[in-house]
Amino acid sequence: MSRHCCDHDHAHAHAHAPSDDAGHGHGHSHDHLPTGPVSAAYRRVLWVALVLNAGMAVLEIGGGLHADSASLLADAADFFGDAVNYGLSLVALGMAAIWRPRVAWFKGSTMAVYGAAVLGLALWHAWHGASPAPATMGWIGALALAVNLGVALLLYRFREGDANMRSVWLCSRNDAIGNAAVLLAAVGVFGTGTMWPDVVVALLMAGLGLQSGIAVMRHARVELRHADRALPKQAL
1 MSRHCCDHDH
11 AHAHAHAPSD
21 DAGHGHGHSH
31 DHLPTGPVSA
41 AYRRVLWVAL
51 VLNAGMAVLE
61 IGGGLHADSA
71 SLLADAADFF
81 GDAVNYGLSL
91 VALGMAAIWR
101 PRVAWFKGST
111 MAVYGAAVLG
121 LALWHAWHGA
131 SPAPATMGWI
141 GALALAVNLG
151 VALLLYRFRE
161 GDANMRSVWL
171 CSRNDAIGNA
181 AVLLAAVGVF
191 GTGTMWPDVV
201 VALLMAGLGL
211 QSGIAVMRHA
221 RVELRHADRA
231 LPKQAL
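The numbering of the sequence shown is the working numbering, which starts it at 1 and goes up by one.
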């Protein structure tokens, strides 16, 4: 669930983007999208990732409500957000450079909304929630970890592509770390008999979602300004 991976990758791309030649730089505004067989394979992987993440979102919503677990519901929201982002990545593959920063800004806004929603959920559970069911948290968390590891492995071959491709893989890889945190929360709930390990993990997820979403939106605005300045030099 570690959305800061996207933030890091955006910053890395900007640090290496030449400022004197907008037509040939390698920042986000001018990233070369995959073509040919690679593009077709990448699209297939993104579709698989989208379906798996959407399915896990539905499962974790049901499991989180059944187990009364804030961290499972937070992870469900993350899976849903990831599914939306994979869908947006599929759309962005066919877009001109001027539109990709707008897609990135929308991605960032969904991440920030996710963080705010999870924060509210965690605070509600802190005041009104009961101790969640650790067994349900454990087996669903383990399944979520397996799904995210599988998606990360599918995306591994594309990790050296353009900035969007790298960030998608890094986010999938780091999401697996978030699933491991849910498993640790399940162990903590089982060991302490309280809800606090579950609430703490949900609060951490909320903080990461808010911070990373705002950062991605800021970077998208910078990219949009760069793309606007480059309009006379390159075709849409």
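Everything labelled a hint here was simulated from the structure, so no lab data went into it.
Quick caveat: nothing in here was measured; it's all calculated off a predicted structure.
Incorrect hints may appear among the rest.
As the list claims (entries may be wrong) - Computed Cβ-Cβ distance ranges for the label pairs, DEER-style:
id, residue 1, residue 2, range
1, F106, G55, 17 to 25 Å
2, A130, A40, 22 to 30 Å
3, V58, F106, 33 to 41 Å
4, L149, W47, 35 to 43 Å
5, V91, I177, 26 to 34 Å
6, I214, G55, 22 to 30 Å
7, H66, R229, 47 to 55 Å
8, W127, R157, 18 to 26 Å
9, W127, R225, 39 to 47 Å
10, A126, G191, 12 to 20 Å
11, G193, R225, 49 to 57 Å
12, S39, A130, 45 to 53 Å
Note that beta-carbon positions come from the ideal geometry of N, C-alpha and C, so glycine has one too.
ask   = Tell me, which hint numbers fail for this structure?
value = Of the numbered hints, 2, 3, 4, 8 do not hold.
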